[in-house]
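S.K.: Sequence:
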Amino acid sequence: MEVQIILICKITSILTVFLFLSFSNVFSKEKLGPLENVNSTLSGSYLSWVHAKRQGDLNRTGKFLSLLSEKINDKELLINAFSSSLLLNNWNISKKLAEKILSFDKNNFFANIVLSTFFFNEKQYKKSIEFIKNINSADIDNSFLNIITSWIYLQNNNRDLLYKYFQNDNCKPIICLHGGLIYNQLGEKEIAKQRFDKILEQTDSSLRITEILYGFYSNNKFINQIDNLKIKIGTKDEQKKFLSKKMFNEISTPRDGLAEIYFNISAWFYERSLFRYSVYFANIGLSINPDLQALKLLAANSYERLELLEYSLNQIDGVSHESIYFSPSIFLKTSILNEMGDNKKLINFLKNLLDDFQYDEKIEILLADTLRSEGFYEDSLKLYNKIIDQQTSLNNQKYYLFYSRGIALERLKKWKKAEKDFMKALKLRPNDPFILNYIGYSWLERKVNIKKALDFIKIAAEQEPHDAYIIDSLGWAYYLIGNFKKSIDILELAVTLSPNDATLNDHLGDAYWRDGRTREAVSQWKRIIIIDPDFEKIKEVQDKIATGL
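According to numbering that gives the first Met the number 0, numbering within the sequence shown proceeds without interruption in unit steps and concludes at 548.
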């Protein structure tokens with residue numbers, strides 16, 4: 000699932016290089032590490048910890064990590080355990096390990112960030128600043144450190160050093176953003192507006208930037224800017240949904256601002272597929288502002304990309320129904336539950352959502368699609384009918400409704416009605432390869448409109464030459480018109496693209512047999528029994544192995 004967050008933060012690549020050098024083992028598989036100076040009990044705990052991590056058992060990982068944090072002193076093991084504590088968001092363990100790491104590496108980036116954040120949360124702002132000062136500014140982007148430092152200074156009512164960081168009118172986006180936020184909190188609304196106007200001009204409005212700018216402009220009644228933002232939000236329906244939400248995370252305190260810069264950094268790493276670092280910064284930011292909805296969704300996406308699905312679900316469950324991030328979180332949760340194979344939970348989740356939101360088309364479509372994919376065709380059909388009946392207008396974006404309902408009807412053996420829906424979908428979205436293929440293959444199965452089916456599938460294959468199922472349809476069309484040699488060439492390509500699909504192998508076996516290559520045909524059919532013993536046509540395959548076609 001993609002995050003609707005386009006980062007405006009442009010930290011230099013030096014930051015990435017530095018973090019890789021100082022924390023490089025984060026991305027590698029855990030090594031067994033040097034155990035020479037570790038007692039047997041601790042060694043066993045370390046091995047158990049590594050094993051639990053590799054098995055994805057997060058509860059056991061945390062248990063053994065807790066034991067290690069108390070006793071471990073080996074430098075490499077400390078760094079490794081520290082990275083795990085940040086990933087698992089065990090803040091107390093992270094603090095203990097950070098203190099140990101600083102005893103031998105005073106300038107360690109993450110250890111200083113963690114302790115700075117800890118003391119900020121304890122309202123010990125001078126101590127918080129001292130840990131930021133420990134970081135070697137030559138190795139990371141100064142903008143990053145300056146913004147963090149500025150928010151801590153502002154929280155401590157120390158304003159003397161703020162202006163020099165943000166006084167340049169020609170600021171890059173990240174400086175403009177946080178400069179505007181800081182000037183706003185200092186009561187200098189016009190300067191803040193100048194900075195925010197630059198953001199509005201310079202960047203595509205991501206969901207989070209739109210949220211921040213809308214809060215500022217609406218609070219100060221800057222009507223023209225509000226109108227410009229609405230245009231960027233999208234259609235009137237999209238504007239209405241955005242503005243109907245009651246929960247907006249405005250930056251009204253220095254604490255909010257500090258959490259925001261960690262959101263920016265987390266998103267920067269996410270955009271570069273460095274998901275572990277994204278999680279680290281997300282968890283640090285959430286320790287400062289646990290209600291930052293955009294950061295919860297970002298953390299959930301990062302955990303999902305790391306395949307830590309339970310952790311992702313925990314973050315999603317913290318996204319408020321009143322937040323503008325709730326809708327994206329639904330799609331992510333649906334994807335995760337589907338990936339976990341928890342179909343019953345997925346369907347119940349969507350049904351409960353519909354109880355809470357009497358009419359939300361996106362949720363209804365998600366539920367209808369899920370019911371269809373799980374074989375509940377009658378239930379999905381009722382929901383598709385309801386959704387289509389509620390449409391006030393049909394444009395090319397609505398083709399999917401007819402296409403999906405057509406699939407449900409076809410599976411219910413209501414072909415005439417299904418065919419009408421497929422043709423409606425095709426009219427709304429001409430030459431769509433997947434609609435063309437579905438119609439064409441359905442005709443082939445029924446041995447009707449063979450020539451027209453071939454024409455449809457040819458157009459689809461030209462657009463999707465690497466889609467195994469479309470290529471299979473093309474090969475099967477040639478089989479049905481008796482061109483077995485051409486059929487074989489195309490069906491062999493389809494099987495190459497998807498070697499473990501039973502239907503594709505079955506088709507190729509049939510083509511071999513018709514071309515007189517009986518041994519290869521039998522071999523192909525036998526392969527189906529191995530790769531998919533539950534294939535719906537397994538009895539037919541066994542008969543063909545015994546007697547041929």
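Wrong hints could be hidden among the right ones.
[Stated by the list, open to error] Cut-off 25 Å, straight-line C-alpha distance, at most; resulting in silico cross-link-like pairs (DMTMM-like, lysine to aspartate or glutamate):
(1) 397 to 409
(2) 450 to 388
(3) 538 to 444
(4) 446 to 500
(5) 536 to 377
(6) 350 to 321
Derived from the structure by calculation, the hints contain no laboratory data.
Keep in mind that this is a model prediction, so the values were computed, not measured.
S.K.: Against each hint, give a clear statement of whether it holds in the structure.
M.R.: Tested hints:
With a C-alpha separation of about 19 Å, the suggested pairing of residue 397 with residue 409 holds against the 25 Å cut-off. The suggested pairing of residue 450 with residue 388 is violated, with an alpha-carbon distance near 34 Å, which exceeds 25 Å. The straight-line distance between the Cα atoms of residue 538 and residue 444 is roughly 18 Å, inside the 25 Å bound, and the hint therefore holds. With a C-alpha separation of about 22 Å, the suggested pair residue 446 and residue 500 falls inside the 25 Å cut-off, and the hint holds.
The hinted pair formed by residue 536 and residue 377 meets the criterion: a straight-line CA distance of about 23 Å does not exceed 25 Å. The straight-line distance between the Cα atoms of residue 350 and residue 321 is roughly 18 Å, inside the 25 Å bound, and the hint therefore holds.
Of the numbered hints given earlier, the model fails hint 2 alone.
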